[in-house]
Amino acid sequence: MFHSMRGKAALGAALAAVLLTAGCGGSDDSSDDAAASYDPDAPVTLTVGTFGTMDFDNAGLYDEYMKLHPNVTIKQNNVAQSAAYYKSLQTRLAAGSGLDDIQGLEIGFIADVVANHSDAFVDFAAEDDAAELEANFYDWKWGQASTEDGKVVGLGTDVGPQAMCYRKDLFGQAGLPTDRAQVGQLWSTWDQYLDVARQYQASPAKPAGSAFVDSPASIFSSSVYQGEEAYNDEDGNPIPAESSGVESAWGYASTAAAEGLTANLSQFGDEWNAAFSNGAFATIACPAWMLGYINSQMGDAGAGLWDIAPLPGASESSSNWGGSWLGVPSSGKNVEAAKDLVEWLTAPEQQVKTFVEAAHFPSSPQAAEDPAVVDATNAYFSDAPTGQIFGDAAANIKRTPIGPYDTQIQEAFTTALTDIASNGTDPDDALQDAIKASEQAIGG
Amino acid sequence: MTIASQSSREAQTASPPAAAPAAPDRTPARRRTTLTRNRWGYAYVAPFFLVFGAFSLYPFVYTAWVSLHRTSLSNIDGGTWVGLENYRNLLTSEFFWNAARNTLTIGILATVPQLCLALGLAHLLNYKLRHRTFFRTVMLMPYATSIAAATLVFSQLFGRDYGLINTALEAVGLNRIDWEGGTWSSQVAIAVIVTWRWTGYNALIYLAAMQSIPGELYEAAEIDGASRWKQFLNVTIPSLRPTILFTVVVSTIGAVQLFGEPLLFAGNGTTSGGSSGQYQTLGLLMYQQGWSNFHIGQAATTAWAMFMIILVIVGLNAVIGRLRSRADR
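Residue numbers (the numbering used here), protein chains in the order written: chain A, 54 to 497; chain B, 40 to 368.
It is possible that part of the hints are untrue.
What the hints assert, rightly or not - Simulated restraints on C-beta separations: (1) A:G496 <-> B:F94: 26 to 34 Å; (2) B:E133 <-> A:Q350: 32 to 40 Å; (3) B:A187 <-> A:D482: 53 to 61 Å.
Source of the hints: derived by calculation from the structure; they are not laboratory data.
Even glycine gets a Cβ: it sits at the ideal position worked out from N, Cα and C.
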């Protein structure tokens, strides 16, 4: 009896296994037939998988497209956190089912898609209008979505060119200049930035408990992408231990951490969020999207306190943090219609609208040169000419290779930097820890 | 997988009574009639085994299979066979031993005070108190709170710059503590969250067991002149021994699987368990390998290692329990 009961259990398990694998089995319907019989006026419902705040809906773009194409219905499936979104995208890619007609792809995982899943997405470089499309984007933006053999897995939406935000009031109290042109001249290099930090820290008049910069990560993550290489070699293979970009960024950031020039906060943690309103730091590396974040953390109380200067070293090369693409899974049922929508959503005119409505900085130079963008100022940030500042930065970004483990490697380095500041770890030991942690992330 | 491990244990412990009546010399024909007679019985238990098979046994076996491959989250079935390499790597990985050490120290920091407190609380609640039901309900409230909500509140309390605890420390003239940054401070903080959540639950279990201790024992002890404290030591504790063993086993399993608290304690979703991995537990390491680094084969290996550790601990507990009860006889 005991045995037969076990037999049943095993049978049940086997049955369940069969059911599960059947349920998750790949559905490789070919898209070629769909392409041949594509009727642009046939009624179609397109699903768009997005994460965070991509804001196509808030900018009114879906409504506009549906008005232009009455046969198209657009449904958006949004996931709040891009990390959670990516996990479910990965399992869906593994299963070959459950994908939306259009999938948002973020800078944090575009390199993984490029390296490992380019077959699952439509290749925009193979489109008839590929040359036109390519001309719509910054070369580095187009390049980040390109495979080694020239396939392009998605079209760019926004980018995150970086500047340096600073608190005018705190600078004033510490006896530093507050005018943005003068501040920009204070730090044309990161070494000069560190000198200003020492000056600020030594000032007896600065508010007690305030540091010059929020975290060593602010320095590291922005300066690491200013060189020829960040975490990867030209082929996209991670080389955290040998990279010249990592070496120089580590130098600046670990100096700041060891000398106590930072507030040593973990970015996006509770304390970091609270620190904005408490005036705990005077500068922070600012990708274009950070302006909205600062505004939401400080509310009206922060209006006019901040201003924006170029990133140290920006005259040589600027850097990018963030940005997304839209890709079309090639196994979808409405590939042609989805491609049309993606090309429309990412066209310069629509990128201008997304910038005007939701402040996402365009990934298209044509859009960035549009008067609506280039003349834009931000009242909250003391009327800083944001369109000009970020436009200049975006035009001056190097085509630094990105790789599938950039997020993990960056986290390994920034946590090790925190360890220097909070536990007094020797910078050389911390560097070894960071390298070990990134190798652990890469390996396997 | 860990759920699987628990249920499979339950299933095994549940089975022997059913096996008992089977006589060794039963003929196949006779067995068939028993089967037919019990057909409805099987039908009734079948749903459990189906669900068990699909959601416990299958993942359990599949995890073992995956752990023998080098594979990524987006390509689980397409990995390459590496045999026991993942296990070899795990045992030589300093990240694994760091996590194992942290799991042990946080486990001790959380479990020991938790069970002692629970025992004391249960003892107090066992007295005839006014509003007894109220106190018992209040005690169980933390257990009913979600881990996420509790950890979010605690991580703000333990905040370095703006946390209430540091403000209080400063008010009485002590130094601020970087709770999250330090090794011991972070482990103590996490142990506090665990203790806060589970003490009431264990206290209720102890209380239930205490109430089944016959009153005569206490009367007899009182006649012999034993103080309340002596009664607690010599009557209550020995009578509770099986219950204590049970709570130790359950808390230990919980400690090995500790995950939500260290994950959320960081506050920004990082899975590294602190700036030098000072509070990365085995559960968090597994999550980091599988869902931050996408090496699902490594994660499956860690999962199996955790299962083995739990098996060893439960086995040790059982042996100790048996030795003790034999010694008592």
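Hints and how they fare:
1. In this structure the supplied range 26 to 34 Å holds for G496 (chain A) paired with F94 (chain B), their Cβ-Cβ distance being about 31 Å.
2. Here the CB-CB span from E133 (chain B) to Q350 (chain A) is close to 37 Å, well matched to the stated 32 to 40 Å.
3. Under the hint 53 to 61 Å, the C-beta atoms of A187 (chain B) and D482 (chain A), about 34 Å apart, miss the expected range.
Of the numbered hints listed earlier, the single one contradicted by the structure is hint 3.
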